[in-house]
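Participant: Sequence:
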Amino acid sequence: MAPTAATHKHTGIRSRRPVLFAVVAHSRSAMTTKRKHRKPRTFTHAHRQRLDRAVTHYLDECYVRKTAARVSEFAAFLKRNPEYLTRTTVSIVGVTLREYLRRKQLEEAERLILKTPLPMHEIALHAGFGTTSTFYRCFKAAYGMPPGAFREVRK
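Numbered per our numbering, the sequence shown spans residues 2 to 156.
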């Protein structure tokens, strides 16, 4: 049975291969028109919980391996694009993925400072900071004092 000729609904051009014609016509129009803006996606509490679980799981691995937590590694861990994850995190939480990871790391560092007698360079490694200086800089920016002074004040 021979394929029947079909008329494209927008251009009125007849084609014997309507499926192929539709694909070619679509690709041409995609090249000549601007990208359509999508409606903003609405995220729920379940999305927030999933993000929290994924971040916690990734940071737990960083704590065990004593490696720095990085957005690019987290994206590879989830098999997603880093830019996509950052955009999605901003929509869900309201801060960038880097800032969100950093907050979770600081929560872990605070817990270690208050509950363990570990020295600060060990806490920096256990909390997933790459270097001790990064740990000190981030901690002081978040809490307004260095981690050693924080430990003394909170005793």
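By construction, these hints were calculated from the structure, which means they are not laboratory data. Keep in mind that the hints are not guaranteed to be accurate.
[Stated by the list, open to error] Computed spacing ranges between beta-carbons, pair by pair: (1) Ala143 / Ser92: 35 to 43 Å; (2) Pro147 / Asp53: 23 to 31 Å; (3) Arg99 / Ala47: 18 to 26 Å; (4) Glu123 / His38: 13 to 21 Å; (5) Thr117 / Arg66: 17 to 25 Å; (6) Thr45 / Ala143: 22 to 30 Å; (7) Ser134 / Phe78: 19 to 27 Å; (8) Ala47 / Phe78: 18 to 26 Å; (9) Glu108 / Phe78: 29 to 37 Å.
This structure is a prediction, so every number in the text was calculated from the model and none was measured. C-beta: ideal position from N, C-alpha, C; glycine also.
Participant: Each hint should be assessed against the structure and marked as holding or not.
Facilitator: We went through each hint and held it up to the structure:
Between Ala143 and Ser92 the CB atoms are about 23 Å apart, so this pair departs from the stated range of 35 to 43 Å. Between Pro147 and Asp53 the beta carbon distance is about 28 Å. The supplied range of 23 to 31 Å therefore holds. Between Arg99 and Ala47 the beta carbons are some 23 Å apart, a value that agrees with the proposed interval 18 to 26 Å. Between Glu123 and His38 the beta carbons are some 49 Å apart, a value that contradicts the proposed interval 13 to 21 Å.
Between Thr117 and Arg66 the beta carbon distance is about 19 Å. The supplied range of 17 to 25 Å therefore holds. Taking the beta carbon of each, Thr45 and Ala143 are about 28 Å apart, inside 22 to 30 Å as hinted. The hinted window of 19 to 27 Å between Ser134 and Phe78 holds, with their beta carbons roughly 25 Å apart. Distance hint check for Ala47 and Phe78: the Cβ-Cβ separation is about 20 Å, which falls inside the suggested range of 18 to 26 Å.
Between Glu108 and Phe78 the beta carbons are some 19 Å apart, a value that contradicts the proposed interval 29 to 37 Å.
In summary, the numbered hints that this structure violates are 1, 4, 9.
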